[in-house]
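Peer 1: Given chain A, put chain B in place with the hints provided.
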Amino acid sequence: MLLLLKLAFRNIFRNFRRSLLTFLSISIGIGLSIIIVGILIGTEKQSIRLLVSTRIGHAQVYAAGYVEEELTLPLDYTISGYEALVDELLTIPAVQTAAERILFPATLTDGIDELRITGAGIDAIRENVTFHLADRIVDGTYIAPGEEKILLGDVVAELFGKRVGDPMTIIARTKYGAITALDVEIAGLFNVGNPEIDNNYFFLPLDIAQKILEMENEITEVTLFGNSMDEADALETYLNGRFDTNIYDIVSWKYSSKDLLKLYSMKSKGTQVIYLILFIMISASIMNTMLMSVYERTREIGTLMSLGFRRRNILSLFALEGGFLGAFGGVIGTIIGGAITYYLKIYGLNIEFMIKSGFENFPIGSRIYAEINPASLFYFILIGVSIALLSAVYPSWKGARMEPTEALRAV
Amino acid sequence: MAEGIFLILKNYELIMEIIRLEKVEKIYRSGKTEQKALEGIDLSITTGEFISIAGPSGSGKTTLLNLIGCLDKPTAGEVIVDEVRVKNLDHNQLADLRSQKIGFIFQTFNLIPVLTAYENVEFPLLLRHNTNAEERNKMITGIFAEVGLAEYMHRRPTELSGGQQQRVAVVRALIKKPKLILADEPTANLDSGTGKAILQIMKELNKKNNISFVFSTHDRMVMDFASRLIILKDGKIIKDINQDNSRKN
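Residue numbers (my numbering), protein chains in the order written: chain A, -13 to 397; chain B, 1093 to 1341.
Don't read these hints as lab results, they were simulated from the structure. A few of these clues could be false.
Lysine-lysine pairs mimicking BS3-like chemistry, simulated, CA-CA at most 27 Å apart [as the list claims (entries may be wrong)]:
id	chain 1	residue 1	chain 2	residue 2
1	A	K384	B	K1165
2	B	K1193	B	K1179
3	A	K240	A	K331
4	B	K1128	B	K1328
5	B	K1325	B	K1300
6	A	K255	A	K244
7	B	K1300	B	K1128
8	A	K197	A	K161
9	B	K1193	A	K(-8)
10	B	K1165	B	K1179
11	B	K1179	B	K1230
12	B	K1325	B	K1230
13	B	K1230	A	K(-8)
14	A	K384	B	K1288
15	B	K1300	B	K1288
16	A	K(-8)	B	K1269
17	B	K1331	B	K1128
18	A	K384	B	K1124
Extracted from the complex, chain A is given alone in its bound form (with noise of 0.2 Å):
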């Protein structure tokens, strides 16, 4: 075996330019491969954490048959008494903050244009505390319960050409269907970094909801954090159990966040044939390499089976040099593509090109940071040796099955 592992290792240099296209097409697939997946898991990871941070929180609330018509945002599904479920969820040691909205389609209008655009009424505080909203004005002031004022995404307000202290009106349907109307003013502007609430939401005090809407005393939703996003499916089950589920829709991130999910499995079969792509280019580039080596070497192979070589010592030494090669373009790849994952998992890829050109409200910011989880390396590396391994076999096996004088005769 060690007399294989010499030949095929220094085989490997007797044609260094070849062999180091080879190396080089290994590398740039597996390095390559490792961005892309790392640019992926670090996306959907991204986007789910944006989206759980700034909308959907671990858990929600809803009254029940509200999650079955959530698109709508439907005010026929109220939760009523709302302080007492709030302050009862607080009590719970695995809820660390809880925060109630009603959540209502709306038209923000400044009497030239219109939007279509989703209201969300909020307890200023409580929504501070869980969402922190506070701290994501970027211009004006934070809202207090009782003024009729509203925070706007600040893409919005340039959209519709306002600044903060301007006037607008929200037209929406009370929970009775009847139409309503109120002016506000522009208390500040938000920018949450989650495109969806940037573009699409406004926040008003959830008193000042509650009237318009004629919702005295009710809400469409509890939004609370548990420890972890980890343990959010532990939490809902327990929830499910100490709650009525006659009188309560209660879910984890998992559920509102299901598009969203279903979207990344769409995405991760394309994910697939781009890597089948990669792995075909490296497996047609070092199965050249290796017929060419064959057939430049075939009066050795003569010599060598003249020596005592056994066919599958052949077969062996050819699937050796693919492995070795696989190994090395591996490694180099991996640690290539590792160390650019881990530069943009630190310093992150700027996107704002691709958000600017139809991806306004994916919940993924400017910025999108690449995960990389150093064990699953290992497998890139294990991938190199396979796919170098399994493109030698036919190489390897037609110069393992040549007769010994039709190898000794060639030139």
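Peer 2: Relative to chain A, chain B alone:
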């Protein structure tokens, strides 16, 4: 007495038959075309012989060497190598037989370019797994000194002249102490002086180790070197001359 073996007490030396060919025929087929390369070959080679196989191109010299060397099997007839009938062996058994009993020397030297001269010679020993590193080192350095290549041991083939490469190839064939060494036109790629020196070495090793040498050649000088000359024509042996006896006469 075992089949394929005869013992003759000649000048107090034990002579054993190591190769016997019985009515050997070799036909190459390509589509519907058949080409008879060898026909009705009967041949016996005993230990310590120094044989030259001569004949014009296409007479079947290389085919005969390939059959004797177990690199190929006959279409008909029997090839018996040291009591073993080749016909019944598979690829692996043939490889093992070559590894144990036969050494090869090629016209183009055929050293493994990525191995040094020392490693090329060590190669057949490593395949046989019956020596340790110390034994191998002793054998290899000894034999390199014997053929005057001690200072070139750790050079790669490309750093050696043609004559030096062929001497390494001779040493590689000899190191495992085979019963028989086959050489296909061993001096064809060398100048006459170097070729003669290689033949001298082969002859000395033949005498010293009692290993049989069989080589094919076109070269008159090489033919004269042999103690037995076999001449082939159109796939048949037309002459089998004991040159030692001829010279005495």
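Peer 1: It remains to establish, for every hint, whether it holds in the given structure.
Peer 2: Going through the hints against the structure:
no.: 1; hint: A:K384 - B:K1165; verdict: 21 Å, holds
no.: 2; hint: B:K1193 - B:K1179; verdict: 16 Å, holds
no.: 3; hint: A:K240 - A:K331; verdict: 24 Å, holds
no.: 4; hint: B:K1128 - B:K1328; verdict: 10 Å, holds
no.: 5; hint: B:K1325 - B:K1300; verdict: 32 Å, violated
no.: 6; hint: A:K255 - A:K244; verdict: 17 Å, holds
no.: 7; hint: B:K1300 - B:K1128; verdict: 38 Å, violated
no.: 8; hint: A:K197 - A:K161; verdict: 10 Å, holds
no.: 9; hint: B:K1193 - A:K(-8); verdict: 25 Å, holds
no.: 10; hint: B:K1165 - B:K1179; verdict: 6 Å, holds
no.: 11; hint: B:K1179 - B:K1230; verdict: 37 Å, violated
no.: 12; hint: B:K1325 - B:K1230; verdict: 44 Å, violated
no.: 13; hint: B:K1230 - A:K(-8); verdict: 21 Å, holds
no.: 14; hint: A:K384 - B:K1288; verdict: 39 Å, violated
no.: 15; hint: B:K1300 - B:K1288; verdict: 18 Å, holds
no.: 16; hint: A:K(-8) - B:K1269; verdict: 24 Å, holds
no.: 17; hint: B:K1331 - B:K1128; verdict: 19 Å, holds
no.: 18; hint: A:K384 - B:K1124; verdict: 25 Å, holds
Consistency note: the structure conflicts with the earlier hints numbered 5, 7, 11, 12, 14.
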